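Asker: Which chain is which? The protein sequence lines are A and B, in order. Using this note's numbering, read the first sequence as starting at 1 and increasing by one per residue. Using this note's numbering, read the second sequence as starting at 1 and increasing by one per residue.
I should point out that these hints are in silico values taken from the structure, not numbers from a laboratory. Incorrect hints may appear among the rest.
[Stated by the list, open to error] Under the rule of at most 20 Å between Cα atoms (straight-line distance), these lysine to aspartate or glutamate pairs were calculated in the EDC-like manner:
1. B:Lys166 <-> A:Asp151
2. A:Lys202 <-> A:Asp151
3. B:Lys166 <-> B:Asp116
4. B:Lys397 <-> B:Glu471
5. A:Lys155 <-> B:Asp596
6. A:Lys328 <-> B:Glu382
7. B:Lys166 <-> A:Asp327
8. A:Lys99 <-> A:Glu135
9. B:Lys549 <-> B:Glu570
10. B:Lys166 <-> A:Asp448
11. B:Lys196 <-> A:Asp151
12. A:Lys328 <-> B:Asp596
13. A:Lys155 <-> B:Glu471
14. A:Lys328 <-> B:Glu471
[What the hints assert, rightly or not] Over the 10 Å line for every Cβ pair with chain B, so calculated as not near, a few chain A residues:
15. Phe29
16. Ser66
17. Gly68
18. Trp98
19. His192
20. Arg294
21. Ala331
22. Ala377
23. Pro417
24. Val432
25. Leu435
26. Asp448
27. Ala449
28. Gln490
[To be verified] Partner residues aside, some chain A positions facing chain B, computed with beta carbon under 8 Å:
29. Ile334
30. Leu425
31. Gln439
Predicted model only: the values in this text are computed from it and were never measured. Quick reminder that beta carbons are idealized off the backbone N, C-alpha and C, glycines included.
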Amino acid sequence: MISIITFFPLLAALAIALTPGNNKGFIKFIALLGALASSVLALSLAFQFVPGDGLQFVQKYAWIPSIGVDYFVGIDGLNMLLVILVAILSPIFVLASWKIDEKAKTYFSLLSIQTTALYGAFTALNFFHWFIFWEAALVPAFFLIKLYGGDGRHKAAINFFVFTVLGSVAMLLGVVFLYLKTGTFDFIELRHLASQGLIQVKLGGLYPAIFFAVALGLWVKVPLFPLHMWQAPAYAEAPVPISMILTGIMSKMGVYGFLRLVVPVFPEAIREFSELLLTLALVTIIWGAFLALRHTDIKRVLAYSSLNHVAYCMFGLFAVGAAVGPDKINAPAIAMQGVILQMFAHGIGAAGLFYLAGKLEDVSGTRDIREFGGLGAVMPRYAFVFCFLVFSSLGLPFLAGFAAEILIFSGAFALAPFHTVCALLALLATAVFLLTIIQRIFTGTADDAKRTLPDISYRDVLYISPLLVLTVWVGVSPSTWLAFSDPFIQTLSSFFTP
Amino acid sequence: MNLLDFSHSVGWLLWIPICPLIAGVILAFFNPTGKFSAIVAIAALAVSLGFSLKAFAGTWGYETHTLTHNFTWIQIAGVNLEFGVVLNALTGSMVAMVCFIGLLIFIYSASYMSHDARMGRFFCYLSIFMVGMLGLVVSNSLLLLFIFWEIVGLASYLLIGFWFHKPSAAAAAKKAFITTRIGDLGFLIGLLWAFKATGTFLFFDGGSGLLESSQIVALVASENVLWGLNGAGAIALFLFIGAVGKSGQLPLHVWLPDAMEGPTPVSALIHAATMVAAGVFLVARAFPLFLADEAMLHVVSWVGAFTALFAALVAIAQYDIKRILAYSTVSQLGLMMVGLGAGGLALGEGGVSIGMFHLLTHAFFKALLFLGAGSIIHGCGEEQDIRLMGGVFSKMKVSSLAYLAGTIALCAFPFTSGFFSKDQILLSAWTSNSVVFWISAFASLLTAFYMTRQCCYVFLGKYRGEGHVHESPALMTVPLVILAVFALIMGVISEKKYHVLHYLSGTDFHQHETTVVIISVIIAIGGIALGLIVYAKAKMGIDVVDPVKRALGTPFTLLEKRLLADELYEATVFKLWNALAINLTAFESILNTLVDALTAVVVSIGNFFSNTVDRKLIDKVTFDGTCTRIYKSSRINAFIQNGFLQGYLRILTAGAVVIGVLFLVFAR
């Protein structure tokens with residue numbers, strides 16, 4: 001079943017590539033169909049999923065037995081919510097691309113390949129298998145930025161590529177070394193070995209080096225300071241649907257990688273370096289917030305906002321390493337649940353905001369927020385939707401961002417109070433830059449050129465309405481979503497509360 | 001249904017915030033215009049008022065009872081994050097006051113805002129505000145209280161910036177949100193600390209709640225956890241920072257006067273009667289935590305006393321009618337804090353009633369003053385500068401009389417409601433800390449003085465403006481009259497029948513000390529007399545120097561500039577903040593240069609490989625990710641330039657599909 005979900009968009013890509021002529025409507029329809037079919041199947045899996053800490057819907061076949069490579073996919077508490085996220089967002093990516101007509105065939109086949117890669121990266125459980133998808137996700141994104149991006153697209157694409165490839169190489173070397181010592185590429189087996197303390201024994205003195213090598217690849221993808229430099233240009237220059245993919249899903253691939261590969265396999269390293277890791281996450285949080293304050297290109301601002309928000313995930317995750325023993329509230333579990341919810345909440349919120357930023361650029365021809373003002377009166381519907389998502393991002397109660405952040409902070413404060421207080425202060429910076437965006441774009445009076453801008457159409461709102469509904473749903477009743485991962489996280493967190 | 005039956009669940013309390021929520025959702029989605037929106041909002045609030053009166057009646061006479069209804073919001077690894085509602089005297093009195101005053105202000109707004117095209121939005125925001133405010137009051141969970149606290153902050157932001165086409169309003173809204181958010185972060189730290197230390201968010205939970213003795217005892221046992229405070233005191237300190245932000249105490253008071261950019265009914269409801277009192281309410285709700293560490297009671301009373309004095313001084317030198325009232329609000333909120341802090345020191349648990357009593361009376365007379373000011377501003381053609389008013393009394397008799405009733409209550413003139421509540425604050429300060437007492441007393445004297453000054457400017461002499469002064473419609477004046485009656489007689493009734501202090505504290509301690517009563521009377525009458533002496537006969541106008549300014553000179557100018565609080569922030573916090581942002585940006589661009597250099601190096605290595613090293617050799621080593629990727633990237637460049645891209649991508653896609661199919665085949 002998971003394989004069908006994964007490869008269905010690829011079939012769509014094939015169909016698009018083989019379509020004779022240049023029938024754009026048909027191409028778009030096929031791309032949408034491919035994405036939707038996978039989404040429906042993936043969501044049906046969510047209904048069949050039984051909360052528990054084991055794997056479900058497993059498909060495991062020997063692939064290259066000589067080096068322990070299996071075709072191994074499955075869903076557990078950790079990736080269920082992310083598969084749902086891909087399922088919800090992927091049709092929206094296609095819909096957001098509806099206006100793209102130039103070289104449509106190339107565009108939509110790449111987009112469909114991208115979708116396959118995303119499903120694959122979240123469901124694969126053998127490193128080799130996973131790594132192929134991880135890298136495959138990079139290639140279409142690179143081309144889509146390079147071919148369809150804005151003015152600075154070439155540089156942005158190359159930067160993006162070089163950074164992620166260098167990170168991937170480090171990770172690959174690290175894992176190959178791990179394989180040589182342990183004889184397995186299997187995430188689940190590695191986790192078992194780690195829980196018996198064997199990874200540390202087998203790697204010996206190289207344990208920290210291997211940990212950092214593996215972490216490096218993920219570090220770039222998240223990204224975290226100081227390896228975030230590719231992010232803002234790539235997000236800003238990419239065509240809007242690709243920015244949505246980058247922020248909505250690909251940034252989560254890094255966090256997911258940490259939860260799948262680093263936390264269970266290297267718990268000792270997370271514990272040993274928690275101070276350093278927490279500080280870097282904290283720096284990223286502050287960095288993102290303050291740079292967002294200084295920039296005026298709305299997509300760049302959103303990129304830094306994304307840097308800031310995803311860093312909260314990493315902060316919660318690293319705080320777990322600071323656990324010293326059992327506490328009253330099982331803080332590691334609360335923090336990690338917060339991380340998972342934050343991935344989901346940020347995925348839907350950030351994708352929605354980039355979508356709206358794109359709409360604004362479409363109607364006004366500029367992304368510079370200094371050129372706006374008074375749009376609250378000109379585009380009231382747009383202003384409402386935009387502010388709604390911004391307030392979720394700001395962490396306003398009963399919207400998605402709050403539920404996730406309060407969990408992260410509840411857990412993290414009990415584990416690393418000083419760092420958490422600093423992170424809370426950064427929350428203020430987040431509020432300042434988000435309200436500044438609102439102030440610049442929507443308040444005051446519009447100048448003559450902007451006074452006649454059309455409001456966002458109901459159809460455009462309809463495309464992202466699932467995101468708006470989810471923002472409220474996650475905010476009001478996070479339990480629905482947390483239930484998927486609760487048993488899994490309970491087990492994982494027990495590593496840290498001996 | 002027996003209202004006084006305390007055995008059944010109090011889940012129905014949730015209806016109090018839910019009713020305005022329903023109205024808010026209706027207004028948000030259907031956005032009706034004009035009267036209909038007002039009717040929806042008012043009807044919903046009237047239902048809430050019904051439930052509130054039930055809560056009030058239910059607690060009347062049962063002041064020591066506390067009933068709760070709790071439920072789980074999130075459960076993680078067996079740990080619960082819980083929500084709940086609580087019914088006790090504090091809840092009952094607060095919800096009744098908020099709903100009652102809210103309803104009057106809603107009715108007033110229906111007339112006041114009737115010319116505004118976005119009236120539907122206005123009532124939508126007001127309803128959202130009521131959801132937050134009422135929810136905050138009924139919450140039995142620190143987390144739930146925080147949630148509603150934030151909703152209230154959002155509503156305040158939306159309403160201050162309601163006329164967002166004015167840049168000043170937009171700026172004020174942002175300033176209010178961010179300044180109160182500084183406090184909110186303190187609150188959040190307190191909340192996280194409490195959760196960490198006790199494992200619960202609930203105030204009352206059958207003996208294991210945060211405010212119940214077993215937890216308090218455990219918290220007190222952990223001594224000197226932060227700056228000499230014990231476990232409870234540390235939590236209380238952070239919660240108090242939240243209260244300081246919301247209630248405009250020093251040094252976070254700067255947002256409240258600017259918040260007057262919002263429509264006047266908003267100022268009355270949110271920035272005078274209810275929301276700004278939420279900070280005081282928070283301290284009252286969490287009072288056992290404050291009581292557990294005496295140092296915190298001192299902190300609360302000192303901060304309150306300084307704020308009261310500071311704001312009263314600044315109020316003397318303001319000319320905007322709403323700004324004067326705003327500073328007066330800050331000052332009175334300070335006195336409420338004194339009431340809580342000194343009350344706690346003097347009376348222990350019962351001290352909570354001292355601050356709360358003043359909160360309740362203040363809500364009535366301050367809402368009255370703001371609504372009256374709104375009516376006067378309306379009558380004078382939207383003029384807010386008191387130097388351009390004058391002689392209003394003869395032209396707007398009802399509004400003026402109501403305003404004067406509010407004024408004497410605020411001045412604590414004998415036998416008005418303000419007199420009784422302020423007397424109790426002074427009394428508790430008298431018995432606990434004489435410096436705080438004298439500061440508070442002096443602030444009260446100033447209060448009577450600046451209110452008299454303001455009334456002289458507005459009501460006496462000849463009209464100095466340009467508009468045509470006229471009385472407001474009945475929809476606006478009737479709420480004024482109702483509030484005026486309450487402002488005048490509430491204290492007397494309480495004194496004669498069943499004392500509010502008794503109701504709020506559950507103990508029958510209330511008393512009077514002759515010395516303090518005499519001082520109170522002297523302060524009130526003396527302040528008013530002083531004001532009359534200076535201003536009753538003085539020449540006033542926009543180009544006439546204020547008589548006190550003539551006498552004082554520079555110090556008065558400093559007061560006019562609000563003691564430079566904003567400038568001080570500008571020169572310190574903002575500077576630091578901007579410097580940080582600028583330096584980080586500079587650093588980022590340095591990093592960018594490095595990155596570009598790095599990329600150039602990598603790309604040229606790639607080109608070297610693809611151009612000079614045998615391609616087939618590299619192809620065979622496909623396992624090495626880097627080489628392949630870089631090789632590809634450089635080749636793709638060539639393809640793009642040669643226009644082969646279409647063909648190449650077709651091959652790539654086909655290849656990927658073949659690999660995918662092979663996966664599946666091999667897999668079986």
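Asker: All hints are to be evaluated individually against the structure, with a verdict given for each.
Answerer: We went through each hint and held it up to the structure:
1. B:Lys166 <-> A:Asp151: 35 Å, violated
2. A:Lys202 <-> A:Asp151: Not satisfied, since the Cα-Cα distance of roughly 50 Å exceeds 20 Å.
3. B:Lys166 <-> B:Asp116: 15 Å, holds
4. B:Lys397 <-> B:Glu471: 8 Å, holds
5. A:Lys155 <-> B:Asp596: Judged against 20 Å, a Cα distance of about 8 Å means the pair holds.
6. A:Lys328 <-> B:Glu382: 57 Å, violated
7. B:Lys166 <-> A:Asp327: 51 Å, violated
8. A:Lys99 <-> A:Glu135: Violated: A:Lys99 and A:Glu135 sit about 28 Å apart, past 20 Å.
9. B:Lys549 <-> B:Glu570: Violated, at roughly 26 Å.
10. B:Lys166 <-> A:Asp448: 17 Å, holds
11. B:Lys196 <-> A:Asp151: The hint is violated at about 50 Å.
12. A:Lys328 <-> B:Asp596: Given pair A:Lys328, B:Asp596 is violated - Cα atoms ~49 Å apart, limit 20 Å.
13. A:Lys155 <-> B:Glu471: Status violated; Cα separation ~68 Å.
14. A:Lys328 <-> B:Glu471: Given pair A:Lys328, B:Glu471 is violated - Cα atoms ~62 Å apart, limit 20 Å.
15. Phe29: Holds, because the least Cβ-Cβ distance between A:Phe29 and chain B comes to about 18 Å, which exceeds 10 Å.
16. Ser66: At roughly 13 Å from the nearest Cβ of chain B, A:Ser66 sits farther out than 10 Å, so the non-interface label holds.
17. Gly68: Answer for A:Gly68: holds, closest chain B Cβ roughly 15 Å.
18. Trp98: Correct as stated: the minimum Cβ-Cβ distance to chain B is 21 Å, above 10 Å.
19. His192: 21 Å, holds
20. Arg294: Since the minimum Cβ distance to chain B is about 5 Å, A:Arg294 lies within 10 Å and the statement is violated.
21. Ala331: Its Cβ does come within 10 Å of chain B, the nearest being 7 Å, so this is violated.
22. Ala377: 6 Å, violated
23. Pro417: Contrary to the label, A:Pro417 does not stay out of reach of chain B, its closest Cβ about 8 Å off (not over 10 Å).
24. Val432: 6 Å, violated
25. Leu435: 5 Å, violated
26. Asp448: Correct as stated: the minimum Cβ-Cβ distance to chain B is 15 Å, above 10 Å.
27. Ala449: 17 Å, holds
28. Gln490: Incorrect as stated: the minimum Cβ-Cβ distance to chain B is 4 Å, not above 10 Å.
29. Ile334: For A:Ile334, the interface hint holds, since the closest Cβ of chain B sits about 5 Å away, which is under 8 Å.
30. Leu425: With a closest approach of 7 Å, the A:Leu425 hint holds.
31. Gln439: Holds. Min distance 5 Å.
The structure is inconsistent with the numbered hints 1, 2, 6, 7, 8, 9, 11, 12, 13, 14, 20, 21, 22, 23, 24, 25, 28, although it conforms to all the rest.
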